[in-house]
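**Q** Position chain L against the provided structure of chain C, taking the given hints into account.
Sequence order for the protein chains is C and L.
Going left to right, the first sequence walks through residues 1 to 369 as the UniProt record's numbering numbers them.
Going left to right, the second sequence walks through residues 1 to 369 as the UniProt record's numbering numbers them.
Be aware that one or more of the hints could be misleading.
Remember, identical chains collapse to one label, so a pair may be satisfied in a single copy or spanning two.
[To be verified] Below, a list of computed lysine to aspartate or glutamate pairs in the DMTMM-like style, where the Cα atoms sit at most 25 Å apart:
no., residue 1, residue 2
1, K160, D256
2, K275, E232
3, K247, E202
4, K247, E76
5, K160, E202
6, K87, E46
Hints listed in this document are in silico derivations from the structure and should not be mistaken for laboratory results.
There are 2 protein chains.
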Amino acid sequence: MTSITLRGGDRVLTVAWADGTSADFPFLWLRDNCPSGFHPQTHEREFDLTSIPETLGILSAELDGEAIRIEWDGEEHQSRFDADWLKAHRPGVGLNDPANIPPTLWRGDFQPAGLPRISAADLMNDDKALLGFLIETKKTGLAIVDGMADDREAGMAAAKRIGFLRETNFGVTFEVRSMPNPNNLAYTSHALPLHTDLANQELPPGFQFLHCLANDAEGGGSTFCDGFAIAEDLRLNDPEAFELLSKTPVPFRFHDDNYDIRRHQTVIDLDAFGKLQELHFNAHLAGVFDLPADTMEAYYRAYRKIMQMTRSSDYVITTRLEGGEMVIFDNRRVLHGRAAFDPNTGYRHLRGCYVDRGEFDSRIRVLSR
Amino acid sequence: MTSITLRGGDRVLTVAWADGTSADFPFLWLRDNCPSGFHPQTHEREFDLTSIPETLGILSAELDGEAIRIEWDGEEHQSRFDADWLKAHRPGVGLNDPANIPPTLWRGDFQPAGLPRISAADLMNDDKALLGFLIETKKTGLAIVDGMADDREAGMAAAKRIGFLRETNFGVTFEVRSMPNPNNLAYTSHALPLHTDLANQELPPGFQFLHCLANDAEGGGSTFCDGFAIAEDLRLNDPEAFELLSKTPVPFRFHDDNYDIRRHQTVIDLDAFGKLQELHFNAHLAGVFDLPADTMEAYYRAYRKIMQMTRSSDYVITTRLEGGEMVIFDNRRVLHGRAAFDPNTGYRHLRGCYVDRGEFDSRIRVLSR
Numbered sequence: 001m002t003s004i005t006l007r008g009g010d011r012v013l014t015v016a017w018a019d020g021t022s023a024d025f026p027f028l029w030l031r032d033n034c035p036s037g038f039h040p041q042t043h044e045r046e047f048d049l050t051s052i053p054e055t056l057g058i059l060s061a062e063l064d065g066e067a068i069r070i071e072w073d074g075e076e077h078q079s080r081f082d083a084d085w086l087k088a089h090r091p092g093v094g095l096n097d098p099a100n101i102p103p104t105l106w107r108g109d110f111q112p113a114g115l116p117r118i119s120a121a122d123l124m125n126d127d128k129a130l131l132g133f134l135i136e137t138k139k140t141g142l143a144i145v146d147g148m149a150d151d152r153e154a155g156m157a158a159a160k161r162i163g164f165l166r167e168t169n170f171g172v173t174f175e176v177r178s179m180p181n182p183n184n185l186a187y188t189s190h191a192l193p194l195h196t197d198l199a200n201q202e203l204p205p206g207f208q209f210l211h212c213l214a215n216d217a218e219g220g221g222s223t224f225c226d227g228f229a230i231a232e233d234l235r236l237n238d239p240e241a242f243e244l245l246s247k248t249p250v251p252f253r254f255h256d257d258n259y260d261i262r263r264h265q266t267v268i269d270l271d272a273f274g275k276l277q278e279l280h281f282n283a284h285l286a287g288v289f290d291l292p293a294d295t296m297e298a299y300y301r302a303y304r305k306i307m308q309m310t311r312s313s314d315y316v317i318t319t320r321l322e323g324g325e326m327v328i329f330d331n332r333r334v335l336h337g338r339a340a341f342d343p344n345t346g347y348r349h350l351r352g353c354y355v356d357r358g359e360f361d362s363r364i365r366v367l368s369r
Numbered sequence: 001m002t003s004i005t006l007r008g009g010d011r012v013l014t015v016a017w018a019d020g021t022s023a024d025f026p027f028l029w030l031r032d033n034c035p036s037g038f039h040p041q042t043h044e045r046e047f048d049l050t051s052i053p054e055t056l057g058i059l060s061a062e063l064d065g066e067a068i069r070i071e072w073d074g075e076e077h078q079s080r081f082d083a084d085w086l087k088a089h090r091p092g093v094g095l096n097d098p099a100n101i102p103p104t105l106w107r108g109d110f111q112p113a114g115l116p117r118i119s120a121a122d123l124m125n126d127d128k129a130l131l132g133f134l135i136e137t138k139k140t141g142l143a144i145v146d147g148m149a150d151d152r153e154a155g156m157a158a159a160k161r162i163g164f165l166r167e168t169n170f171g172v173t174f175e176v177r178s179m180p181n182p183n184n185l186a187y188t189s190h191a192l193p194l195h196t197d198l199a200n201q202e203l204p205p206g207f208q209f210l211h212c213l214a215n216d217a218e219g220g221g222s223t224f225c226d227g228f229a230i231a232e233d234l235r236l237n238d239p240e241a242f243e244l245l246s247k248t249p250v251p252f253r254f255h256d257d258n259y260d261i262r263r264h265q266t267v268i269d270l271d272a273f274g275k276l277q278e279l280h281f282n283a284h285l286a287g288v289f290d291l292p293a294d295t296m297e298a299y300y301r302a303y304r305k306i307m308q309m310t311r312s313s314d315y316v317i318t319t320r321l322e323g324g325e326m327v328i329f330d331n332r333r334v335l336h337g338r339a340a341f342d343p344n345t346g347y348r349h350l351r352g353c354y355v356d357r358g359e360f361d362s363r364i365r366v367l368s369r
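Looking at chain C on its own, in the form it has when it is part of the complex (with noise of 0.2 Å):
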């Protein structure tokens, strides 16, 4: 610790530690992060920042045991900083983020075998594989839950076990089966393409889990693949696609006795820093496009291509669940369909619901502590 050494520059604090690392901590932000501005209990900032002028200067910064302590200049305050927490948290680098897993792309030749897979009773039970498991789940962002018990709620309660439930007009959960006046394609017998749910929404569900609780009907097959895949393969092969199916919102939308949810998605949906951030590819729910007549031409071209994509063996793999497992995908990663069954043929029942990525990243965090 003796080691550290303190240099004052242009409204900036230097650090230098004993390894090497460096860094420049701006007054504002040294006083901002001031750990006195912080409720005890709840870890929010109570300091006002407006409370301090702008120009605000230090008269002296030193090194006191395992702390720098600060004395401010237009203030009559003194911080005391943990020598440790500011290297962790050091302007430029950001708060080591155990949910931040980068995604482990897959394409046609992955083997459904090679999925995560974890028992109902570890999930339930054991917070140590629950962990390996979720960090696991979120590098496919597809992965397989085993040993279920025939129970409605099973379900429900495993997804529980990982967050809260995300509701959204089909209801807390929701029955995947063969249904008389279906307000959904999912609730009929026939074939789904590949999509991702309710892209109609400001912001779709993220991982989704479905348990399998009847599957003897002919047909019926699932198929998954992985969208961020087929994205990172059109902006290398086809940047001029990727580039209309990322810049331009095109309208989703639901609407039944009930409801009439709508909202311009982009296909592609890229982050500040142009990183993968989700997917809304959902033909049966895509409105009207309402491009201007002279872009639309090309914009069919791209999404017809995306489309394309997903029907190709290149990137699908096809699996079967059965009685007692449930799947969870990433709802906005990992494109989801099935072929048509023949519900003369036996029952097929699977029973939904959503955890958003949120909650499920939570989790990860939680359980890394």
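**A** Frame of chain C; chain L shown alone:
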């Protein structure tokens, strides 16, 4: 109807109506939206866009009473479009949306007496009154319900009349009162400077409902400001600050024993067209800024600027909720706060919940049918 004229162009069909409206319909758009491709009950698109060639042509297009009949070249198929439907959905225009209501900005001279107001009885029982109230509430982003029953469930019931409730890590509902061992500053008697709730969430909740069950303590007045007015004034008067606040994601974080929910957000969030979409402003939940040190001072200047605006009488209005009143506001537009109160002088208890923007808009559309 006989005055409609059709003209084939470069892969577009031009339709001209008697009133002078004229529009180009690209061939692929027409085929993609052929009414035969939609499920009759779910209204969802079943047509497979990859089943036709990109070069699909038109053999003939002709008027047929109120409709336009197209015979396709390259596929054995006829389409029949209602001429009015085509006009309503013409490219570049977009479907009419009753929920597309531009905000009416307000500032510190806005009188709380001018807020949209409805009685709980009308909200619960009168569809027409509710629709008018929802439209006005979208304009101002802030409104009052009065005559609420002195019943802990009354606020929830009113909110559910609009849409299902958005659950968060604080529950489906939350109690705003002074509590021992708080995990949130709202649950103390401290002053709360103006903020938006849960800026640490991927999508912070939309409309907030706060039912005032008791407000008998000294202090505890409510403050509000229109964040969109502040942002638009900043865009005009300090474009550099606006640019930094709308382009620079900063971390927000809530953590307690059960959750650790983090998200980088820009303080000002714009849609693809540069229009204000939402604000994320919450100094309590703002994390430790992780920008590079050399951009930190410029960012702090911008951040302090908007913070000072949220404290200025140019923008802030003050009111005092009475028992039996409920305030509704768009949490991603209107910032809310309160004065400190003295819990020894009387009881203060608000009960809150959220309905997201998507469901709020959906209710406007359904009631507008």
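**Q** Of the hints given before, which are not true for this structure?
**A** Of the numbered hints, just 4 does not hold.
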